[in-house]
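Please model the complete structure; the sequences and the hints are all you need to start from.
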Amino acid sequence: MSAALASSGPADPVIEAQADFRSLMNALARPGTIEAFAPKLLPPAPLPAGIGSLALALADHEAPLWLDPQLAASDEVSAYLRFHTGAKIVADPAAATFALVADFARMPPLANFALGTDEYPDRSTTIIAAVDAIEADGPLELAGPGIATTARIGIAPWRDGLTAELAANRALFPRGVDLVLVAPRRLAALPRTTRVREV
Amino acid sequence: MSAALTATDRSSPTQHKGGEGSTGYNFAYLDEQTKRMIRRAVLKAIAIPGYQVPFASREMPMPYGWGTGGVQVTAAIIGPQDVLKVIDQGSDDTTNAVSIRKFFAKTAGVETTTKTADATIIQTRHRIPERTLTSDQVLVYQVPIPEPLRYLEPRETETRKLHALADYGLMHVKLYEDIARHGHIATTYAYPVEVAGRYVMDPSPTPKFDNPKMDDCAALQLFGAGREKRIYAVPPHTKVRSLDFEDHPFAVQTFDKPCALCGATGVYLDEVVLDDAGGRMFVCSDSDFCEERRADGHVGAMLALPSSSPARGEGVAAVPVTEGSGT
Amino acid sequence: MYVAVKGGEAAIDNAHALLAHERRGPEDVAEIAPRQIETQLKLAVDRVMAEGSLYDPKLAALAIKQARGDLIEAIFLVRAYRTTLPRFGASEPLDTARMAIERRISATFKDLPGGQVLGPTFDYTHRLIDFLLEAGAELPLPAEVEAAHEATPRVTDLLDDEGLIERDVPDDMADVGDLTRAPLDFPADRDLRLQALARGDEGFLLALGYSTQRGYGRTHPFVGEIRFGAVTAEYVPEELGFAVPLGSVAVTECQMVNQFHGSADVPPQFTRGYGLVFGQSERKAMSMSLVDRALRTREFGEDVVAPAQDEEFVLSHCDNVQATGFVEHLKLPHYVDFQAELGLVRKMRAEHAARRQGTDSELKEAAE
Chain A
1 MSAALASSGP ADPVIEAQAD FRSLMNALAR PGTIEAFAPK LLPPAPLPAG IGSLALALAD
61 HEAPLWLDPQ LAASDEVSAY LRFHTGAKIV ADPAAATFAL VADFARMPPL ANFALGTDEY
121 PDRSTTIIAA VDAIEADGPL ELAGPGIATT ARIGIAPWRD GLTAELAANR ALFPRGVDLV
181 LVAPRRLAAL PRTTRVREV
Chain B
1 MSAALTATDR SSPTQHKGGE GSTGYNFAYL DEQTKRMIRR AVLKAIAIPG YQVPFASREM
61 PMPYGWGTGG VQVTAAIIGP QDVLKVIDQG SDDTTNAVSI RKFFAKTAGV ETTTKTADAT
121 IIQTRHRIPE RTLTSDQVLV YQVPIPEPLR YLEPRETETR KLHALADYGL MHVKLYEDIA
181 RHGHIATTYA YPVEVAGRYV MDPSPTPKFD NPKMDDCAAL QLFGAGREKR IYAVPPHTKV
241 RSLDFEDHPF AVQTFDKPCA LCGATGVYLD EVVLDDAGGR MFVCSDSDFC EERRADGHVG
301 AMLALPSSSP ARGEGVAAVP VTEGSGT
Chain C
1 MYVAVKGGEA AIDNAHALLA HERRGPEDVA EIAPRQIETQ LKLAVDRVMA EGSLYDPKLA
61 ALAIKQARGD LIEAIFLVRA YRTTLPRFGA SEPLDTARMA IERRISATFK DLPGGQVLGP
121 TFDYTHRLID FLLEAGAELP LPAEVEAAHE ATPRVTDLLD DEGLIERDVP DDMADVGDLT
181 RAPLDFPADR DLRLQALARG DEGFLLALGY STQRGYGRTH PFVGEIRFGA VTAEYVPEEL
241 GFAVPLGSVA VTECQMVNQF HGSADVPPQF TRGYGLVFGQ SERKAMSMSL VDRALRTREF
301 GEDVVAPAQD EEFVLSHCDN VQATGFVEHL KLPHYVDFQA ELGLVRKMRA EHAARRQGTD
361 SELKEAAE
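Chains as they are written, first to last, in the UniProt record's numbering: chain A, 1 to 199; chain B, 1 to 327; chain C, 1 to 368.
Heads up, a few of these hints could be off.
Some, not all, of what chain B presents toward chain A, calculated at C-beta under 8 angstroms [claimed, not checked]:
| hint | residue |
| --- | --- |
| 1 | Q33 |
| 2 | M37 |
| 3 | R39 |
| 4 | V42 |
| 5 | K44 |
| 6 | I77 |
| 7 | G79 |
| 8 | R160 |
| 9 | V173 |
| 10 | K174 |
| 11 | A196 |
| 12 | R198 |
| 13 | T238 |
| 14 | R241 |
| 15 | S242 |
| 16 | F245 |
Here are the simulated lysine-lysine pairs, DSSO-like style, with alpha carbons at most 30 angstroms apart [what the hints assert, rightly or not]:
| hint | chain 1 | residue 1 | chain 2 | residue 2 |
| --- | --- | --- | --- | --- |
| 17 | B | K115 | C | K65 |
| 18 | C | K331 | B | K102 |
| 19 | C | K331 | C | K65 |
| 20 | C | K331 | B | K106 |
| 21 | C | K65 | B | K174 |
Derived by calculation from the structure, the hints in this document are not laboratory data.
If you're wondering where the values come from, they're calculated on a predicted model, not measured in any experiment.
C-beta: ideal position from N, C-alpha, C; glycine also.
In structure tokens, the structure reads:
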């Protein structure tokens, strides 16, 4: 392992992991709420700092990672994640605890990831995807647990057909994937419980 | 497994610098690998409201059954900025609450408080505070038996199937048998609830008086069962319905008299035995709520008495609690 | 005026100081040293290591001292310490055929290669209190023999040669579970069951094993062999790729041989129950092997009818640290729930009285 790899990790892993986790926990508990999220991590390109920081906070040898083609193409990204998390990087998205997606517009269908079983719906993939922007009051109307009435949010880019896939994902409940979206300095989440409608 | 060769495992357990947290143990006691495992379980629990996520509960330096689940959840979510409150039976002064609060003051160096309003994380055993919780707070419950169906079906393999099928007939039969026998549902605490229209969940042994506070609550509610190795959650603003029947609607306990110390009504009261001659008084179970009211000048019947001798006046003695008449 | 009881930190600190004082006892008696416990109360140390799941005699002895001789409390101390230790991986399987034998007996053969070695045992002692121990009597020196250096084959390996006993090679050596790192899931595989039993409470397993002998899930057991002695533990570091010795651990192994009538696919043969514990504890190793065999009931197409055969029942209740915590948590305050129950009982009594009164007056009317 190179010294460069080791030195590019978090300065205070204990406190940074806690802060990252808390932001994610809050976002997942309150879909539609946009969390301020400015991780200090400087991972190698093309791994965005936000999803890199969440991966370091949550993945380890008990929680395998799947990388989208853009990330998987970089040996440096794989080496970095392996070194800092100890996680296995899997080729099958359905074998991943966390899927890291840098190219959101080309994210595979949600149904390709682990959806859990009726008896163990928790054995499912959490997708952590980088997007360009997350805005309040966007064209997506959200409802469900964590939302008092309804919430509005805008995600850019929005992948074609994703709204329908999220509806199908919702219909699988309690099975399904959970989606975490990270934009520069912002974080939001769409857990499987959220009903998403374009308005 | 080659866990030893990664950066993450090499860096833990880290001794966190600063504060009173310098104990030789990691920040908030748990090692980072354990925290990640618990955090992953918490995230799943939030995404699947009411579903019990299995987690590899660790042996803690306090006994199983004494809050190890709640302590592990708190340790996994707490950060240096948090302000922690710990209650047992509604009170900050009960020995186990004191012990857990001290544990986190020592291992995480965080600020602790007895004031509900000031806390960002409240760990509780058997009560939900009377003061309405806010969206800036997390309520962490200590849970002894997380499975609401356990006393009806002891086998995990069976109850897991029942949850998978959303087959809660057993529970309805049990509640209905209560009605047939007693004329009403005879469950007063750990009263089962349905979360977000899907999972039936054990609210932990809180009195059913507290059940309505779980519904549409602004705070995130997390539940940790250490010995039974389960974590579950109710996200904010989630429908939590106490199971009942149309002709026998759910009702909470009501008390005929206000708190003897602060005069509060519509709160849960503890019965305190004053003497061996039948003298009783009823006081707030939520000690912070009661103290705050008294500080605001509210005075209950006991404090209003002119003398400082133990009261036996009719104003305080034998205030009966009424079971299930009202909402 | 009524003042709420404030337990508070001072009371807790005072209780702890008193506990330390009581632990020390009268100061005119010499304080016990952990080293004395380690060497003279060795079987207590062995039990704490076995159920504490940590091979460290010095630490176990210290825990026994701190726990004032309460072994379950000492086990708890060791467990809580163990949780904080980093983990590097799993050792290679122990090769008990290469054990430095201190004791080895078989009940199924009169004599066998390696011989019967009685070793240090209470068996055949007359259980008469030895009042000479009170004063510390001088002891006769034990007899010495040349240590045998060749491996002592296990009885079950001898039976295996003839195909009389089931093969006992796990399908997947690489993937051994660990119930301290992953939540137990039912049905549990045998590796996890054995781990749970090895950590399980000696008394609980003893009672369960005993129950199988009395007909609650009978397994027709024979002690193929019990052996006790030191075995080398080896570990393969990823970066080296070959096994290096880590040290030696003393273990007791019990191979129970059980009758099995066979099935459509399997000819009649003997089956195995296995017990392995840290230190010297034949009672625990034997109980474990009885319960292990009982828990394999389903595997042999037999019906689960007895507690010892019921995996969920046994595995969910064999851990004494869990059990003692939950039983003893009942002394924590429960007055909030008790208040709720008080209200209910009062209400139901009032309803009961009202019904009685109603019935009485109806009867009275009927009589008039």
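Go through the numbered hints given earlier and state which of them the structure violates, listing their numbers in rising order. Hints 9, 10, 14, 15, 16, 17 and 21 not satisfied by this model.
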